[in-house]
Amino acid sequence: HCGGRGISRPAASSAITPFEWCLLAKMRMNCGFSYRQLALMIGFKSTSYLGEQVKFWIWKWGEAGENLSILDIDEEFLAKTCPMAFKKEGLEKVCAIPDGKDFLIHTPRQNTLFTRACYSDKMHARAVRCISWCTPMGLSFEHTNLFLARPGEKTLVELWAPRLKKCPVGYSMLSDRGFADTARFYPNMNKQLTPKFLRGRKQFTAEEVSADRTICKLRYTCEVAFSRVTQTKGLRDVISHDFFVTLD
Numbered sequence: 015h016c017g018g019r020g021i022s023r024p025a026a027s028s029a030i031t032p033f034e035w036c037l038l039a040k041m042r043m044n045c046g047f048s049y050r051q052l053a054l055m056i057g058f059k060s061t062s063y064l065g066e067q068v069k070f071w072i073w074k075w076g077e078a079g080e081n082l083s084i085l086d087i088d089e090e091f092l093a094k095t096c097p098m099a100f101k102k103e104g105l106e107k108v109c110a111i112p113d114g115k116d117f118l119i120h121t122p123r124q125n126t127l128f129t130r131a132c133y134s135d136k137m138h139a140r141a142v143r144c145i146s147w148c149t150p151m152g153l154s155f156e157h158t159n160l161f162l163a164r165p166g167e168k169t170l171v172e173l174w175a176p177r178l179k180k181c182p183v184g185y186s187m188l189s190d191r192g193f194a195d196t197a198r199f200y201p202n203m204n205k206q207l208t209p210k211f212l213r214g215r216k217q218f219t220a221e222e223v224s225a226d227r228t229i230c231k232l233r234y235t236c237e238v239a240f241s242r243v244t245q246t247k248g249l250r251d252v253i254s255h256d257f258f259v260t261l262d
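Counting from 1, position 87 in the sequence shown corresponds to residue 101 in this note's numbering; the numbering is continuous, with no gaps.
Be aware that a few hints might be false.
Keeping only pairs whose Cα atoms sit at most 27 Å apart, straight-line, the calculated BS3-like set for lysine-lysine is [to be verified]: (1) Lys40 with Lys69; (2) Lys94 with Lys231; (3) Lys180 with Lys168.
Restraint ranges, calculated between C-beta atoms of paired labels, are given here [what the hints assert, rightly or not]: (4) Phe128 with Glu172: 17 to 25 Å; (5) Phe128 with Gly184: 41 to 49 Å; (6) Glu103 with Lys74: 38 to 46 Å; (7) His255 with Ala78: 21 to 29 Å; (8) Glu80 with Glu172: 19 to 27 Å; (9) Thr31 with Val183: 44 to 52 Å; (10) Phe33 with Val183: 40 to 48 Å.
Bear in mind the hints are in silico, worked out from the structure with no lab data behind them.
Source: prediction; values computed, not measured.
We put the CB at the ideal spot given by N, CA and C, even for glycine.
Please take these sequences and the hints and turn them into a complete structure.
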């Protein structure tokens, strides 16, 4: 598991207000400025002091984001917000669209155990991984923390099982094949609607192709959710070593 919480705020300079520290933290995340560049902008000589302050406020941004993305849901809310596209396909009883995302990181070479633990079989490179659950309307209501990418998506679902009790009884998940057979990890045994498997056959039937197309088409909302995450420059492409400590 990556990242940290519970950090105490370092002593702040009265010359910089909390609001300005928040903006500096956003500039670090969204624009990718180094601590040295930020220090030059505001006339600070000490990059170490500025770095501690910016890290603190990045974590505060993270706490705010978690409060906005870990939410309770119920059947009434799901019924009111179910998109017409889902209703047309008879999928009114879909609770969530789970999806995994791997963020590439620079390969750490100092510790071989760490290097092996962050290998992603999806990206065939070193990465950190998380899973997000969003409603059909695209509202993120649950996500895992960031983990080194070696554990598979099914393992993370199993680990997160106690948090998934919020998914109502009788509702399904619109999932990709990587989440097949994970219904047993949900406290309410929520069915997984996934594209079909060939299972030794030469090709899919016309009915299976049509059903799979519907599932894949309606899963776009989870892709939109993760595209918003990567609007943060620090999370695009390959995450640098100096940004790694502020993850999660």
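Which numbered hints are broken by the structure, listed smallest first?
-> Failing hints: none at all.
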